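Residue numbers (our numbering), protein chains in the order written: chain A, 50 to 233; chain B, 2 to 155.
In short, the hints are calculated from the structure, not lab data.
Please note that the accuracy of each hint is not assured.
Pair ranges (Cβ atoms, derived) [as the list claims (entries may be wrong)]: (1) 52(B) - 77(A): 35 to 43 angstroms; (2) 191(A) - 2(B): 34 to 42 angstroms; (3) 218(A) - 10(B): 18 to 26 angstroms.
Computed from a predicted structure; not experimentally measured.
Backbone N, C-alpha and C fix where the C-beta goes; we use that ideal spot for every residue, glycine too.
Chain by chain, the residues run as shown.
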Amino acid sequence: MKHERLRKLLFWAICCDLGLFAKKLIAPAANLITGALHIPGGIGTSFSLLFLVIGACTVPQFGCGALMGLVQSFLAILFGVAGSMGILAPIGYVVPGLVVDIVLWAGRKYRLEKQTACCLANMLAAAAAALTANIIVFRLRGIVLALYIAVSLFSGAISGLAAGKACEHLAAIGQIQRKKEYQP
Amino acid sequence: MKQKRIILLVVFFLAAMVALLAVLHLSSGKMVKQGQVEIIRQDQKQKIDGSDIARIPVKGELVNGKGEARAVDAKGSLLADVLSSVGIDPAEVAVLKVTAQDEFSAEISGEELLEKDKVYLISEDDGTVALVVFGDSNAKRNVKNVARIEVDPE
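Isolated chain A (complex conformation) (with noise of 0.2 angstroms):
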């Protein structure tokens, strides 16, 4: 295997894990957001979903999105996380990776700036992920399906815009050591 492709795939990799723990990590935190407007979630897929942003965004090829997804569902599933999903976890986690896929592929097409993309691109695919939630899982309607949906793209989007700052950082990184690395 190819150096540079071996790269990809561990940075991917690490994108995947990251997202997954994180997730567990600001539950509580988010457990007392969620609570308190009586919905139940959206903010800690909408900051999981960003480790899913930069994999995509700093590596960008089509369709990693959806693979990291399926990656985190099947490690959701083998450590026993994937919550009230069950067996049906690799939906709602390769759902929302298509999105990432498909915003990054647009927002490259039509020249957006990072920051700009990955906001677009974390805020939709958190919709997203709520929108299969509640399809699999919640069946909510009304009032309460417009804030779970309100408060997804809210917090999706303030995640989107840390994840394009990250990938500013991370590409800035990449420079310098590729200037490194070939330096004679």
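On the provided structure of chain A, position chain B as indicated by the hints.
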């Protein structure tokens, strides 16, 4: 620069939407006090207190999605008995929807409701009410902080 401004505007708009929807949701009248459960059948609504259901010791084991067992040792009542106490005949119930304060919900069929030692409402230490369904392969239907029980929802 222009794109950043648009994104910031979108974020502020979403924050405003969250605030507006939160106000609408929290003032929708669907909320019940912590520790209270509203039982809804068609247009009739009745409220019961968590302390009212703590009648018999409920002991058993629940298995979560990871396959880990958790012992339950609390005071509560069979859900069928709770329904009887508010004038609902459990034998006439086709399906029940039990919803938590955070809108997480679980469905219980009429047959399950009539099964012996299967579906309980228990009173938790913090005064809230929880739904416990024994015999499930994972604890997905164990709803904490129960707020509403809808009998034969539409």
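> For the pair residue 191(A) and residue 2(B), does the Cβ-Cβ distance stay inside 34 to 42 angstroms?
Replying inline: Check passed, 39 angstroms falls within 34 to 42 angstroms.
> Regarding residue 218(A) and residue 10(B), is the given constraint of 18 to 26 angstroms on their beta-carbon distance met?
Replying inline: holds (25 angstroms)
>> Does the beta carbon distance between residue 52(B) and residue 77(A) stay inside 35 to 43 angstroms, or does it fall outside?
In response: violated (28 angstroms)
This entry does not satisfy hint 1, going by the numbered hints stated previously; all others are met.
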